[in-house]
Amino acid sequence: MESPAQTARADTDPIVEVRNLQTAFYTDKEVIRAVDGVSFDLTPGETVGIVGESGSGKSVTARSMMGLVDNPGVILAGSSIRFTHLETVREFATKFSRRTVDVEELEAEHDVRSLLERPGIDVTPAQLGYDSVESMTIADLLAAGYGDQLGLTDGDDCVFITEQSSGEVVDGFIEITRLEGKPQRAMRGGKIAMVFQDPLTSLNPVYTVGNQIKEALRLHQDLSGRAATKEAISLLEAVGIPDSRRRVAEYPHQFSGGMRQRAVIAMALACDPEVLICDEPTTALDVTIQAQILELLEELQEKRDLAIMFITHDMGVIAEVADRVNVMYAGETVETADVHTLFANPKHPYTEGLLQSIPGRQEGDRLQTIEGNVPTPNEPPTFCRFAPRCPKAFESCDSVHPVSVPVESGVDDHTAACLLYPEDVSEIDRIERHSETQSTEGEH
Amino acid sequence: MSQRTLQSEEEMMDERDDVMVEVSDLRTYYDEGKLFGGNPVKAVDGVSFEIKRGETLGLVGESGCGKTTLGRTLVQLEEATSGEIHFDGTDITTLSGPELKAWRRDAQIVFQDPDSSLNDRMTVGEIVREPLDVHDWKTPRERQQRVRELLEKVGLQREHYYRYPHQFSGGQRQRIGVARTLTLEPKFIVLDEPVSALDVSVQAEVINLLEDLQDEFDLTYLFIAHDLSVVRHICDRVAVMYLGNIMEIGPTEELFADPANPYTHALLSAIPEPDPTAHRDRITLQGTPPNPRDPPSGCPFSTRCPARIRPEEYENLDDTLWTQLDLLREIVRERKRAERGMSDRLKSLLGRESRFGSINEIYDELFKGLEIPDSIQPVLEQVADDVRAKNEESALELLNEEFGSVCDTDIPAYHPVGDDGRVSLCHRHEPGHDTPRAVIDRRHR
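Protein chains in written order, with this note's numbering: chain A, 15 to 458; chain B, -6 to 438.
Be careful, since some hints might not be right.
Okay, the calculated beta carbon distance ranges per label pair [as the list claims (entries may be wrong)]:
{"hint": "1", "chain 1": "B", "residue 1": "D106", "chain 2": "A", "residue 2": "D352", "range": "34 to 40 angstroms"}
{"hint": "2", "chain 1": "A", "residue 1": "E309", "chain 2": "B", "residue 2": "D251", "range": "33 to 39 angstroms"}
{"hint": "3", "chain 1": "B", "residue 1": "T277", "chain 2": "A", "residue 2": "H267", "range": "21 to 27 angstroms"}
{"hint": "4", "chain 1": "B", "residue 1": "Y307", "chain 2": "A", "residue 2": "E309", "range": "23 to 29 angstroms"}
{"hint": "5", "chain 1": "A", "residue 1": "Y221", "chain 2": "B", "residue 2": "D378", "range": "33 to 39 angstroms"}
{"hint": "6", "chain 1": "A", "residue 1": "E121", "chain 2": "B", "residue 2": "S189", "range": "52 to 58 angstroms"}
{"hint": "7", "chain 1": "A", "residue 1": "S248", "chain 2": "B", "residue 2": "E390", "range": "49 to 55 angstroms"}
{"hint": "8", "chain 1": "B", "residue 1": "H437", "chain 2": "A", "residue 2": "D27", "range": "36 to 42 angstroms"}
{"hint": "9", "chain 1": "A", "residue 1": "Q235", "chain 2": "B", "residue 2": "A377", "range": "30 to 36 angstroms"}
{"hint": "10", "chain 1": "A", "residue 1": "E316", "chain 2": "B", "residue 2": "F210", "range": "52 to 58 angstroms"}
{"hint": "11", "chain 1": "B", "residue 1": "M115", "chain 2": "A", "residue 2": "E309", "range": "54 to 60 angstroms"}
{"hint": "12", "chain 1": "A", "residue 1": "L82", "chain 2": "B", "residue 2": "E374", "range": "49 to 55 angstroms"}
FYI, nobody ran anything at the bench for these hints, they're computed from the structure. The structure displayed is predicted, hence computed values, not measured ones. Cβ coordinates follow ideal geometry from the N, Cα and C atoms, glycine included.
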């Protein structure tokens, strides 16, 4: 899916960079680490698929990106979600100048090493997912949320400018985990929109569909009255609802399931977002309607150059929509690869099991299964969370927590978090490599 | 031809003993008890089929097509409006009272959602034991013993007797549901989407369990599902339902490999394949199934059919134009049904904009940039006039007359396709028409 270059930034540059995202829920009984160190990028015009069983943390990842994690859920320090769309950064820098930080200025005064050595700063580069102090910049430290402790930023700073030339912002990002209040509302819905699983629960039954689309238009684009109605009609038309003039004045219960999901998509697109997060948008629909919706999303992506994050547990849907796939298990990304590689050559035993349990992808009468259930990730990992169910588990799996590594040396875009990889390294070296990162993690 | 029919009839006679459930012209309507007749929901609208002893018959279709109602009618959870269900020779639709209760031991059902089909206030033991209590089976001690055995059989543990449903995962809860249906040693089980609410790996476990149990207890299954890959794995024969009718029924592999009915074609092509390299040409159906209160007068699938028979004089119209014409018909039909509120009527009386956009706008939306041949221009104008005059009825009639065909007027018959007793409901199987496959290939690929 090639798309024409829009800005000076290259097309392949990510628009959202998720680094080491950790979201935990604090309950009376335990701390549930629903998302535990997830990293990935979203690129315009590209779809990233996220698969996993229920309870693997897919939806919490999406909600963290939307700022929709409710109490008792907390996005932990060290997590970073950067929104790097240049025009948006410029817009936010002007609109919220009080919350904007000039990182170049700070860089001139401080360096990362000395900042990290300050007393009270309880973090290592490894914990944030970096190899060494040298590979970290001050921006990384600020994004991870340590700026406040260091006295470099205020609590509500969220726009970071890393490069300026003659007063013009050239590079920077908005840190989504630090958003609150007004900029939060401008981002949510305006720049990143979300489509939920069940269209009936995401539409309000007592307002007309048009009314609900107009609400988004009023909030984000200052449209109201007849102009808003007109825009709502053309949005419904764009998502393939015939006779939209009449439909706009109808209530959700007068729509069929597929139409409702189309209406929800129309709402999400109302403010022309850059990123669309789809949380199982077709799970509640029939296959023939699912086919219509998938087709629509593809069309819209091509037209608007959207970056889509698509969450599903259906491997068939993933194969169809995704360009890249992240496989999640118990809050962690266990394997990531482009879609063709993943299906042709799955590496992590969990991915293999998941693919094998689909009827029709295996020979013989009995279906392969993965014994057991997804565990609740309620403690920091010191072992492989998949080991109890893994057919290939060996001794070290119970004592070493695997990190994401390339499946083979030299292969960059296919990683797995498993002690069996990198494949071409001896077992002792492999375990050392995995436990090395862990021991530095565990120092503090 | 006639010889073959004769032969197959003879075979049928031999197989008669083997038929366990025989359904003929079954109808289940809802909402028909209105004082003035009313317009019932035709959930199941005349289906006939048989289920042989020991086989698994799959029942697939979109939601709202009546597959669950059919399953529930088979175990008499819904009352049939008309038609017969012969279960080992007895017509169960006529049973009542103690006879019905006695028969219910033979036919059980597993429900879709394991969360809502188990009572949270009862222990697992009580839940599974309840059918035994109801039918006063042996002594209480023996009942307990039997329940524990069954729990083990479905892959749970004997100790789980005193636990509550909320202590179990989705897959385990579905196992409890399966154990409950097995208590009275039924011969026939309706499985109503037993795995749709489960994750793939758990789904695989439950499917394996169901297959093991079928072998062990010699069970006959009616497997209702919308996931076609599961159906292909577990079923011997499949029935494809649409709007209360069976569109095609036959042996699984044959039906999947070479679907005869246009609806089966479309349904199969809509399944996303777990293989990114597979580039199958998908037939995306337009719109949604019609309202079962008001089904089309001809073939139930005629409003969305990708292989609908077109009148000869328009056979070579552009395909995109055809799609738009079908859409126009759909819109007019919708408008006819939609109620105009008082305010809408007032607005149009006063010449204000009402929510019913003018027909010009709709034409604009539908036909913009398309070349309209002279032959249909006057038709479209007449339709526009009728709609303007709020006379949707005659507009619809005109559209049907001009662009309709046998598909819209006559209910098709079941035609045998393939060698293994497969039948399909479609006018295209009649001599003089191209096969659905050929037409779909021509129009959509």
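A quick look at each hint next to the structure:
1. B:D106 with A:D352: 34 to 40 angstroms: Taking Cβ atoms as reference, B:D106 and A:D352 lie about 36 angstroms apart, which means the hint holds.
2. A:E309 with B:D251: 33 to 39 angstroms: The hinted range 33 to 39 angstroms is violated for A:E309 and B:D251, with Cβ atoms some 25 angstroms apart.
3. B:T277 with A:H267: 21 to 27 angstroms: holds (25 angstroms)
4. B:Y307 with A:E309: 23 to 29 angstroms: holds (27 angstroms)
5. A:Y221 with B:D378: 33 to 39 angstroms: For B:D378 against A:Y221, whose Cβ atoms are near 36 angstroms apart, the range 33 to 39 angstroms holds.
6. A:E121 with B:S189: 52 to 58 angstroms: holds (55 angstroms)
7. A:S248 with B:E390: 49 to 55 angstroms: violated (32 angstroms)
8. B:H437 with A:D27: 36 to 42 angstroms: Given about 38 angstroms between the Cβ atoms, the range holds.
9. A:Q235 with B:A377: 30 to 36 angstroms: Holds, since A:Q235 and B:A377 (Cβ atoms, about 35 angstroms apart) stay within the stated range.
10. A:E316 with B:F210: 52 to 58 angstroms: holds (53 angstroms)
11. B:M115 with A:E309: 54 to 60 angstroms: About 46 angstroms separates the Cβ atoms of B:M115 and A:E309, which means 54 to 60 angstroms is violated.
12. A:L82 with B:E374: 49 to 55 angstroms: holds (52 angstroms)
Hints 2, 7, 11 from the list above are not met by this structure, while the remaining hints are.
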